[in-house]
Amino acid sequence: GQQLNQSPQSMFIQEGEDVSMNCTSSSIFNTWLWYKQDPGEGPVLLIALYKAGELTSNGRLTAQFGITRKDSFLNISASIPSDVGIYFCAGQLHKSGAGSYQLTFGKGTKLSVIP
Amino acid sequence: EPEVTQTPSHQVTQMGQEVILRCVPISNHLYFYWYRQILGQKVEFLVSFYNNEISEKSEIFDDQFSVERPDGSNFTLKIRSTKLEDSAMYFCASSREQIGYTFGSGTRLTVV
Chain A
1 GQQLNQSPQS
11 MFIQEGEDVS
21 MNCTSSSIFN
31 TWLWYKQDPG
41 EGPVLLIALY
51 KAGELTSNGR
61 LTAQFGITRK
71 DSFLNISASI
81 PSDVGIYFCA
91 GQLHKSGAGS
101 YQLTFGKGTK
111 LSVIP
Chain B
1 EPEVTQTPSH
11 QVTQMGQEVI
21 LRCVPISNHL
31 YFYWYRQILG
41 QKVEFLVSFY
51 NNEISEKSEI
61 FDDQFSVERP
71 DGSNFTLKIR
81 STKLEDSAMY
91 FCASSREQIG
101 YTFGSGTRLT
111 VV
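First to last, the protein sequences are chains A and B.
No gaps in the numbering here: position 115 of the first sequence is 115 in our numbering, and each next residue is one more.
No gaps in the numbering here: position 75 of the second sequence is 75 in our numbering, and each next residue is one more.
What the hints contain is simulated information worked out from the structure, not anything from laboratory work.
A few of these clues could be false.
[To be verified] Below, simulated DSBU-like cross-link-like pairs (lysine-lysine); rule was C-alpha separation at most 30 Å, straight line:
| id | chain 1 | residue 1 | chain 2 | residue 2 |
| --- | --- | --- | --- | --- |
| 1 | A | Lys107 | A | Lys51 |
| 2 | B | Lys42 | B | Lys57 |
| 3 | A | Lys110 | B | Lys57 |
| 4 | A | Lys70 | A | Lys51 |
| 5 | B | Lys42 | A | Lys110 |
| 6 | A | Lys51 | B | Lys83 |
| 7 | B | Lys57 | B | Lys83 |
| 8 | A | Lys51 | B | Lys42 |
| 9 | A | Lys51 | B | Lys57 |
| 10 | A | Lys107 | B | Lys83 |
The shape of chain A in the complex, shown without the other chains:
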């Protein structure tokens, strides 16, 4: 099956610093998504990217869909303590004519913010 390589696995940063994480895949996706998961909770969608090359922002978050459709990055600027959590990338490959749009998740980046 499709595999997503997400890096780094974990990060420790000072409050106020910028953060960057990325995902690569050996195969293409039609959509890239970035989720955040807090302990004991389900993933919450942060940003969705639909077109190759697309750059999208959501507040302090910026994500890009790679031109080759095989990679994406997420940047968080000026980190704050509530940014702590696990960030997952996910790729979606639509199948025409099928009512299924399963997500393939990366293994996650665990972010710790030191006040």
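Given chain A, put chain B in place with the hints provided.
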């Protein structure tokens, strides 16, 4: 904001027992999904459900698993005879379009 509701939040069961995990998707959503996450690992797709039938399933979703939408609001995942390795967080998700799921908070299943 509408949300996906899952019950129970934590279920402990003995190996070999049947469990039913329940989900109430967002009311005008059309696509329904189950995912699982073994502790410390990535989220994995199990099954998708659309138009009252399974539209896709992963190799994890074997004959021990089944899904049902018994009425207009609930969406259930049944595991017929639980194994120790079924211990995980199980997430239900729903979407109106094919993109942009909303996940529930999950049910933590512990098989002992």
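>> Would the hint linking Lys42 (chain B) and Lys110 (chain A) be met if the CA-CA limit is 30 Å?
In response: Distance ~12 Å between Lys42 (chain B) and Lys110 (chain A) Cα, so the pair holds.
>> Next pair to validate is Lys107 (chain A) with Lys51 (chain A); report whether the Cα-Cα distance is within 30 Å.
In response: Holds, because 23 Å separates the two Cα atoms, which is no more than 30 Å.
> Holds or violated: Lys51 (chain A) with Lys42 (chain B), Cα cutoff 30 Å?
Replying inline: holds, 25 Å
> Hey, Lys110 (chain A) versus Lys57 (chain B), does the alpha-carbon distance stay inside 30 Å?
Replying inline: holds, 28 Å
> Given the hint that Lys57 (chain B) pairs with Lys83 (chain B), does the C-alpha gap stay at or below 30 Å?
Replying inline: With Cα atoms ~19 Å apart, Lys57 (chain B) and Lys83 (chain B) stay inside 30 Å; holds.
>> Lys51 (chain A) and Lys83 (chain B) were given as a pair; does the straight-line alpha-carbon distance stay at or below 30 Å?
In response: violated, 41 Å
> Would the pair Lys70 (chain A) and Lys51 (chain A) pass a check requiring their Cα atoms to be no farther apart than 30 Å?
Replying inline: Holds - the C-alpha atoms of Lys51 (chain A) and Lys70 (chain A) are around 12 Å apart, at most 30 Å.
>> Just to be careful, I want the Cα atoms of Lys107 (chain A) and Lys83 (chain B) compared with a cutoff of 30 Å; is the pair within it?
In response: holds, 24 Å
> Given the hint that Lys51 (chain A) pairs with Lys57 (chain B), does the C-alpha gap stay at or below 30 Å?
Replying inline: At roughly 26 Å apart (the allowed maximum being 30 Å), Lys57 (chain B) and Lys51 (chain A) satisfy the hint.
>> Lys42 (chain B) and Lys57 (chain B) were given as a pair; does the straight-line alpha-carbon distance stay at or below 30 Å?
In response: Judged against 30 Å, a Cα distance of about 17 Å means the pair holds.
Checked against the numbered hints given earlier, this structure breaks only hint 6.
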